[in-house]
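Participant: Residue numbers (the working numbering): 1 to 435.
Treat the hints as calculated values from the structure; they're not laboratory data. Be careful, since some hints might not be right.
Below 27 Å or equal to it, Euclidean Cα-Cα: the simulated BS3-like pairs (lysine-lysine) are [stated by the list, open to error]: (1) Lys297 with Lys277; (2) Lys34 with Lys87; (3) Lys353 with Lys152.
FRET-style restraints, in silico, Cβ to Cβ [as the list claims (entries may be wrong)]: (4) Asp176 with Gly231: 30 to 36 Å; (5) Ala32 with Gly280: 18 to 24 Å; (6) Glu119 with Leu59: 38 to 44 Å.
Yeah, the Cβ is synthetic: ideal placement off N, Cα and C, and Gly gets one too.
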Amino acid sequence: MATTLGRFKNAMSKVIVNFSGPANGADSYSEAEKYLQYSRPKFLNLTEDEVKASADHSLRPIIVPRETGQSTSNVCFGYAECINAGKSDLNEDQAHVDRILISQLPEEEGSGDKDEPIECEYFGIFDGHAGSGAALLARNFLQDHLQEELCKVKSLLFADRPACTCLGPTIIKHDDLIIGALEQAYARTDEKIKQLRASGGCTALVVLKFKNVVYVANAGDSRAVLIRGDGSPPEALSFDHTPDSERNRLEEVAALKPHLLHGVFTADLWQKRPSAKDVGSWFLCKPAGKKGWIKKKVEEEDLKSPLIFGSAKKARLLATIGVTRGLGDHFLQVQSTDIYIKPFLSSKPEIRKLELEKDDLIVMATDGLWDVVSNQSAADKIRNVLKQHEETDGRRYNALALELVMQAQNADVSPTGQLSLDDISVFVVPMDSAI
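Please build the complete structure, drawing on both the sequences and the hints.
Facilitator: Right, here's the structure in full:
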């Protein structure tokens, strides 16, 4: 116990904690100026000087909340973040946590529904790229949009009967309403980013917690991992959306709308990329939108650039972007062309529901962590550190998040022997809300 606590205290010399400074912003700003003003997550309450200090690319200070686990709306969690090693001036990750109150809309107050408001906890992580604008707007708007959508169906949620059976044999379940609210909130936030012409794009990973029932919504390559209290192997609760993993969906888009390729790219997949010397030769080819392979004679038009360059983490859609779902990127174009990337991208999240035990917890993090820390090594670290803290120690969840960021920052302790040079943001979300 002393060793781990000693490491935690030593690390704190490199950590910026929040103080009770006022939130940044000015009421006189236009909507875009107000919501696009750069700041770190609101629950950290960093002063302007602390925000500047957090952007030290050489020191890469780790920022954790000052409170001992219930820093926002009495929500229990741990959090830590650090800036990248210089790839962008600002930390383009954003995060948000709050308690959502699902109450009746004013126009429905006379409907006879007298139920008490429903509460749930909201956690969101947004990994920005090509600018901080999209992630800032996702942080500022996604929760509000979700709350509005949930309030619209409040009278149908958590009733003793199905939400609706009016579509013949189709039964609309309560889960369908929550999933629909999440999907609509993502779509509305994506449209808001377009409306305010925010720069860049972002991933969007959300955990919505109703006591022991959790909904995980993800668009992008941030990841949520379940670590069970019974010691069983960790389980990824989200799917990384990359050009490689979403190849089938991207090829189908290209097959249905070939004009989006502008005659510059091809969605056909070849056993190897044909060159000019291969014209007239016969190669195995998987035509766009097909599942099987055929043997095809290489022609001049087959020499176009591929829809997806590279593979695995190096895969790029239209030689431009390495993530295929998320919010924003409305104005992103292939370099030196007028070809827009957005028609191939999707803001629709993949959503999972699960019931958890009180000793379980979820780690949410941007790919700055997962690029160098495996799900299993994160689980091992979590379990080892938990053993060193009493259950009444309110610092333990922040300590868990801090240890994971430290592990990703240090090549000597990283399981892969590599250190992360990216922005890193980590939430630790316990199912047991007691501190």
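Participant: If a hint holds in the structure, say so; if it doesn't, say that too.
Facilitator: Going through the hints against the structure:
For the suggested pair Lys297 and Lys277, the alpha carbons sit about 13 Å apart, so the restraint of at most 27 Å is met. For a cut-off of 27 Å, the pair hint linking Lys34 to Lys87 stands: about 26 Å separates their Cα positions. With a CA separation close to 21 Å, the supplied pair Lys353 and Lys152 stays within the 27 Å bound. Judged by the Cβ atoms, the range 30 to 36 Å given for Asp176 and Gly231 holds: they are separated by roughly 34 Å.
Between Ala32 and Gly280 the Cβ separation comes to about 55 Å, which falls outside the hinted range of 18 to 24 Å. A hinted range of 38 to 44 Å for the beta carbons of Glu119 and Leu59 is consistent with their spacing of about 39 Å.
Hint compliance for this structure: hint 5 is the single one not met.
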